[in-house]
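Trainee: Based on the sequences and whatever the hints tell you, model everything.
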Amino acid sequence: MTNKRTGVFVCHCGTNIAATVDVKKVAETMALEGTVAYSADYVYMCSDPGQNAVIQAIKDNQLDSVIVSCCSPNLHEGTFRNNAIRAGINEFTCEIANIREQCSWVHKDRAAATEKAIKIVRSAARRVVRNQSLDSIAIPVTRRALVIGGGIAGIQAALDMANAGLDVVLVEKLATIGGHMLQLSETFPTLDCAQCVLSPKMVEVSRHPKVKLMTYSEVQEVSGSMGNFKVKILKKPTYIDTEACKICDDCSVVCPVVVPNEYDLGLTSRRAIYIPFAQAIPASYVLDENACLGLHPIRCGKCKDVCEVGAINYDMLPQVVTEEFGAIIVATGFDLYPQEKILEYGAGNVPDVLDGLQFERLCSASGATQGHVLRPSDKKEPKEVVFIQCVGSRDPAQHCAYCSKICCMYTAKHAQLYKHHVPDGRAYIFYIDIRSGGKGYEEFVQRTMENDGAVYLRGRVSKLHRTKDGKVRVMGTDTLTGQNVEIDADMVVLALAMQPSKGTEEIAKILKIGRDKDGFLAEAHPKLRPVESVTGGIFLAGAAQGPKDIPETVAQASAAAAKAIILLSQPMLSRSPTIARVRNSHCTGCEMCVDACPYVAIRLENGKAVVNEVLCEGCGACSATCVRAAIEVKNLSLAQVNDMIEAVMTV
Amino acid sequence: MINLKDIRDTARDMLTKGEVRAVIGWQQGSRGMAAEPVVITAPEQADSLVWNPTCYHNLSLYLVNDKKAQAHSKQKPTLPIAIIAKGCDARSTVVLMQENYFRRDEVYIIGVSCEGTGVVDEHKLAVALQGAQPTAAAFEGEDYVLTLADGSEKRLSAREVMADRCLECREPFPKENNLVLGEDKTGRSLEAPFAALARFEQKSEAERWDFWKHQFERCIRCFACRSVCPMCFCDECVVDSIEMKVVPATTAQEKADRVRWIERSATTADNFGYHMTRAMHLAGRCIDCGECERVCPVNIPLRLLNNKMEREARERFGYEPGASIGASSLVASFRDDDPNAFIR
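So the sequences go chain by chain: A and B.
This note's numbering puts the first residue of the first sequence at 1, with every later residue one more than the last.
This note's numbering puts the first residue of the second sequence at 652, with every later residue one more than the last.
Calculated from the structure, these hints are not laboratory results.
Computed from a predicted structure; not experimentally measured.
Only true hints are included.
PhoX-like mimics (lysine-lysine), calculated; alpha carbons at most 20 Å apart, straight line: (1) A:Lys4 - B:Lys906; (2) B:Lys727 - A:Lys608; (3) A:Lys527 - A:Lys405; (4) A:Lys236 - A:Lys173; (5) A:Lys24 - A:Lys108; (6) A:Lys634 - B:Lys906; (7) A:Lys383 - A:Lys471; (8) A:Lys341 - A:Lys517; (9) A:Lys468 - A:Lys380; (10) A:Lys235 - A:Lys173; (11) A:Lys230 - A:Lys173; (12) B:Lys719 - A:Lys608; (13) A:Lys468 - A:Lys383; (14) A:Lys232 - A:Lys173; (15) B:Lys718 - A:Lys608.
Mentor: Structure, rendered in structure tokens:
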């Protein structure tokens, strides 16, 4: 051990570390360690002069290992390991001792923080003595990508990757791609028709030779890792032969079952056999097996009788296909916060109190009322409409703590659309404050106020109820005048919060990616890695990651696609060699590590555990589980852990 | 009630027919009334088998020994080995199979139900007999009948002199078995499960600390607890790594990386380390046969430690050690609804 020559480099990080930790003392104390041949401090180790000093010191002092005590290894491990290579030593003999996030930033007492920093650095120095020189593992890449979710985010990501030459599979849970954007009438701030801008992209993605659409399908199981995922996809039976279906509508006319139409959010109805909407892709009918009387000619069978081309097949079975991908983009989108949870606004039981998406369908030319704004209860034109913002958002006590970001804009849009449809109507908007950051957004809101005369009332609505004459009484406060406001409205539109779509939790579990406290998919770093999930090779796009509007969603989708393209354009992937290693002499084959491994990287062979080096992420769950100390992570061996504990415990 | 003749007939029968290569059971010991474990391999030895309140040994330990012996012999046995198993013995056999120590078809389990009469606690018995020396013990309904040195008989309620582990036992019936003798009286625990632990936890933190300090000061590190435990089957224990088993596959790195986590000498601090580590390594594996506590020469109440882990596992994760061969082990299984409020 004594012939080891470790270099210790203590960074001030300006005052980030130096203000709380006596960095000079840390460097001086470390110089006394038997294995430390060189110890120095510098104001910014990661700066060019700092890095050069590290390289020079390694060369001048014949160092064989390096400890850089600075910020989290998440940030600069790569930087300094690269320096190790440039100085001619193995990159895995360079380790980071984090004295910033885990020390200086969380402590105030300088003396105690310095003592802790010394312990952290000392434990790293003791560890690195036993570090082995390792070579990265090179693995081949599957040059195909999976996109989960066929909304605008998924479509954009799929198109970008396909245009870059990758084979893409786009999986959509529903019978058609398009997502929520298809339900929108016009989009802010330019008021162009949502369907008109989206449907060309839908057509393009469906005709793209590099894209395989899998609608009415769900991801069931994912194994493998970055570069080589294996994915099981469940194709639910539509009971219709898509190729044969002529979209003649004969079947739905004879179908006796009437259920609410999800596409119109229940404002219209559909049959058990239906086409989601005219521009659905794939253009085919679907048989809703939950609504259908029985999928059997004896039970009903009217649709099958009437179908001239014989496209209906009651015996169609669910199919599970296994596909391999190198990268996955998750674009599972959002749902509106359920109106049922908003008790003060009638929990969805007061007629003519709609949510934002329902109002979109009222305004839409393809919607329930062919683009005439008519209130659902009596199909009359509403003359007074109250829009309420922040319903469910910014309410940590009862609902969601976060701002849903798009409601200020779409409410302004709703008010404009309403005024364009009903020029003599009055629009009232209750708001907390207006958030209109974005190109052309503030001007759009101003137009709503000035050109369209919407009445903006700053304050919350305390409650609402239906009056005897069929109106909705809205009781609120205008906090600018300090007066209570009561409006007998013909219709109320709630700008409900955005929340992650219903399947998000499940897909996060299947993909083993994290979610934030609100349930949105968690990005790897809030600033620097906003489109990557914490799991390598899985990227995020759209509102599944957090509330965002269409331009942002499209931008993020393209960014995620770019990340996937970068990953898949490498001929071989380099993986960290710091993976688990089995000590055969100790392994009894109890299989605990096999169960504990979150990456399914361990299997039993001839009664001993065997690690798959491609799948292993080096997390150490196996090592912590094994009571026999028979499995450990390379360069974090039990002996090293023991030495590190000893270093920390030594006063 | 179990007829001893049935046990002997079963063992003799199986050995005669060549269905098993040996039967692990109990025979009359060489000292006083106590039975001792025995492995019989010939039909005529079956008559030496006994079944009485001193059959407290967990015989699954001898399955482990048998397996270890196999590792040294070139000839692998083709026939299974039979074990006469109480509820607890059967549960630890299940854990061993869960951990792939042997396969189910390598073992033939002749279950014997304790029927709620359990096995004797010799300390309690000595107090009850006030110094009289028993030479034999037998089950009689819900009582033990003891033959004393002077030839007289004394009848004691089993409940009075039964081992604590049996009083708290929830499963005296060996559920995993190939055949079973005796009635299923599962659920007839005489005391609430974890009763002794619950009583202990009434103490304040300071009192508990002093209690354990006192206990571990006395530990002489004879390792009887480890030797008697069927779960302590590791070839190399964390406390012995100084004597690491070196096999041809052992690499130079492994030799260099030998770690001695805990000193082998009996200092209070290292005794703490040893017993805490053992308790952690038994979490989800210990089925409370109580043998460690019984064999401790300085009477350290080790069941309190093991029970604590068992109860935590049950209450937090609904985990029952020894319930199923196919179950994933406690420490290796993760469910989304696992509670995590204790992680701070």
